[in-house]
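Letter by letter, the chains look like this.
There are 2 protein chains.
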Amino acid sequence: MINHLRQIAADIDRLLADDEFPATVRPDYLRDAVRDYPVRGGKRLRPAMLIWSCGLLGGSESAALYPAAAVEVFHNWTLVHDDIIDQDDTRRGAPTSHVKLAAELGGRFSLAADDAERTGRDFAILAGDLQQGWANDLLLRSAEHGVPPEVTVALGRRFQKLANSDLISGEALDVEFSLRELTGLKSQEVRTMLGLKTGALLQFCTEAGAMIALNTADAEHPDVRKLSEFALAAGIAFQLRDDYLGIFGVYDSLGKALGNDLREGKATVMLLDTLRLASAADREKLLGYIGRETYSDADLDDVRRIMRDSGAAASNEAEAARLAEQARNILRSFPDNPYRQHLLDLVNFLIDRER
Amino acid sequence: MINHLRQIAADIDRLLADDEFPATVRPDYLRDAVRDYPVRGGKRLRPAMLIWSCGLLGGSESAALYPAAAVEVFHNWTLVHDDIIDQDDTRRGAPTSHVKLAAELGGRFSLAADDAERTGRDFAILAGDLQQGWANDLLLRSAEHGVPPEVTVALGRRFQKLANSDLISGEALDVEFSLRELTGLKSQEVRTMLGLKTGALLQFCTEAGAMIALNTADAEHPDVRKLSEFALAAGIAFQLRDDYLGIFGVYDSLGKALGNDLREGKATVMLLDTLRLASAADREKLLGYIGRETYSDADLDDVRRIMRDSGAAASNEAEAARLAEQARNILRSFPDNPYRQHLLDLVNFLIDRER
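These protein sequence lines are chains A and B, in that order.
The numbering used here numbers the first residue of the first sequence as 91 and each following residue consecutively.
The numbering used here numbers the first residue of the second sequence as 91 and each following residue consecutively.
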């Protein structure tokens, strides 16, 4: 799997670096911002999922390449706007788009610090807006690369439903949860949010790959629905596992620090379940840990103990494992081929990691 | 023309009010924000331009309806993000999207004033993002309403180029001009900006109408190009006339107040030409008027005198008239029919108004 993933990443990197769409964007610093996140690289897991879903059902990799690039650019514009909303300063080890633009424009137009900050944010909003157009353009260009126009139109409509409407609804729910009292949130609400914020774009990847392979405009085709279910299960399993590793994972100097979610008071299924299931004393203790500036190793050990004692840690892991198995079972219902193996390996990679 | 315009506005109003796309957006207040601007009404001039361009070349109005609705929703999302960037509080007599969301969310989640303001802005960013998806979905649905899929894909690609890339580039240049010294700006730069910010979406309207009527995916078809030139000329003429009326117009309590552009130091062709052509004394005087809080009638009379004496006012009017005539001449090169007359009337309506 890893070798093919690297090859896909290289193909996507090249396609996006050379692509014509941003070339006519003005001014030049906005054009650079439009290209910035998409060409920063990354594992390109979403494009791989689309291409492998296409290959699983016998479709050609080349027909799936433009939709795969579209998904990657779409993912990146949501990051640009998310980073504004979350007021994040760094992304993949470099300044976020709005921070980079603030520095660039502050210097270029001699702006005071708060004007530079606002202007950087304004242009980052526009950069993300342009990237959404770029993503749509890449998707529509499938019609020049082996996807019939009626299938291309159908892909475009699924893109607006899953990647735009569902994903952004999930992002909005995530922002809303940060405004609500943790004690008033239900873990089922978080699962719904995860399905939209993380699952929907993965569902698009598998649905698009399947529709290209089957040469159908019908998103209700049984194989399309099955692969969509696979993606949703795998996406939520990945996110539950990610939440678990945020507390129980191996420290990784490149990844997010352990305890970050706790500091931000992020409403995870595991946290909400712990608050529901723990003893009154542990519950109060855990609420006291939320939102602190730093955590000692002893603090984190205590949080882990509370989560384990409540049973929430184990049930989180069990739910992730169950969803991963559901995802694998769906894959196993298709005839074996190298793409099926890549997708199975991908599920294992997402779930069995320790950081 | 006016009666047909009213009928188109009613059709668009109904289509957008009933449309399914926003129905699954969550949370409910974000769904309301997505619907808000598009259903606030308005003259719906852009949809009319698209439908009439289609009719001019013998196409059916019904095939043009979904692309026309798409253009209107697209226009509205750009307003949502523009209003954030321009920090505007009202739009068509009601609070802007970010202001409305700030009030709603501040109350709902008991937020402090600055948190409410930031949260309102964050959700308004997402509302605009969703509206861009809605616009694309409406456009793609043309394929279910009489537009062949290969033409639909071609319309989609023109949409990304003209409505997304060119229009947003124009918006970005406009923001940049507000950061630069007026004395360092060339009026030609402003014309380029106007062509992108105002012209490009109108170009899409006429190109889309023509491509639907001609049943072609070829945006290089001579009739498509001619109507695109018509739209660009009409759009810049409208904007030049608008700038003129901002200083010389009849006071209109519903429209923007006279002198607003002057207060904001907006870089109009007329202002830059005045600064270039006026006597040194008048030039200094005019620079002194820019950015004041209020203007007396005597102040505005003096500004008008300076603009007239420099010759810039007359050359602005001459340029608008020349572009309008160019637009009319392009229309006259097509065979006469009721749609041609509507488009000619529209040009006159945009240019001959006094407020």
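Accuracy of the hints is not assured; some may be wrong.
[Stated by the list, open to error] If you anchor each label on the Cβ, the simulated ranges turn out as follows:
#1 B:R394 <-> A:A202: 50 to 58 Å
#2 B:G148 <-> A:K276: 56 to 64 Å
#3 B:L269 <-> A:R366: 45 to 53 Å
#4 B:R104 <-> A:S200: 25 to 33 Å
Just so you know, the hints here were simulated from the structure itself, not pulled from any lab data.
Fair warning: this is a prediction, and the values are worked out from it, not measured in the lab.
All residues carry an ideal CB built from backbone N, CA and C; glycine is no exception.
Quiz item: CB of B:G148 to CB of A:K276, is that within 56 to 64 Å?
Solution: holds (58 Å)
Exercise. For the range 50 to 58 Å, tell me whether the beta carbons of B:R394 and A:A202 fit it or not.
Key: The hinted range 50 to 58 Å is violated for B:R394 and A:A202, with Cβ atoms some 34 Å apart.
Quiz prompt | Whether the CB-CB distance between B:L269 and A:R366 falls inside 45 to 53 Å | solution = holds (52 Å)
Practice problem: For B:R104 and A:S200, compare the CB-CB distance with the range 25 to 33 Å and indicate the outcome. | Solution: violated (50 Å)
In this structure, the earlier hints numbered 1 and 4 are contradicted, and the remaining ones agree with it.
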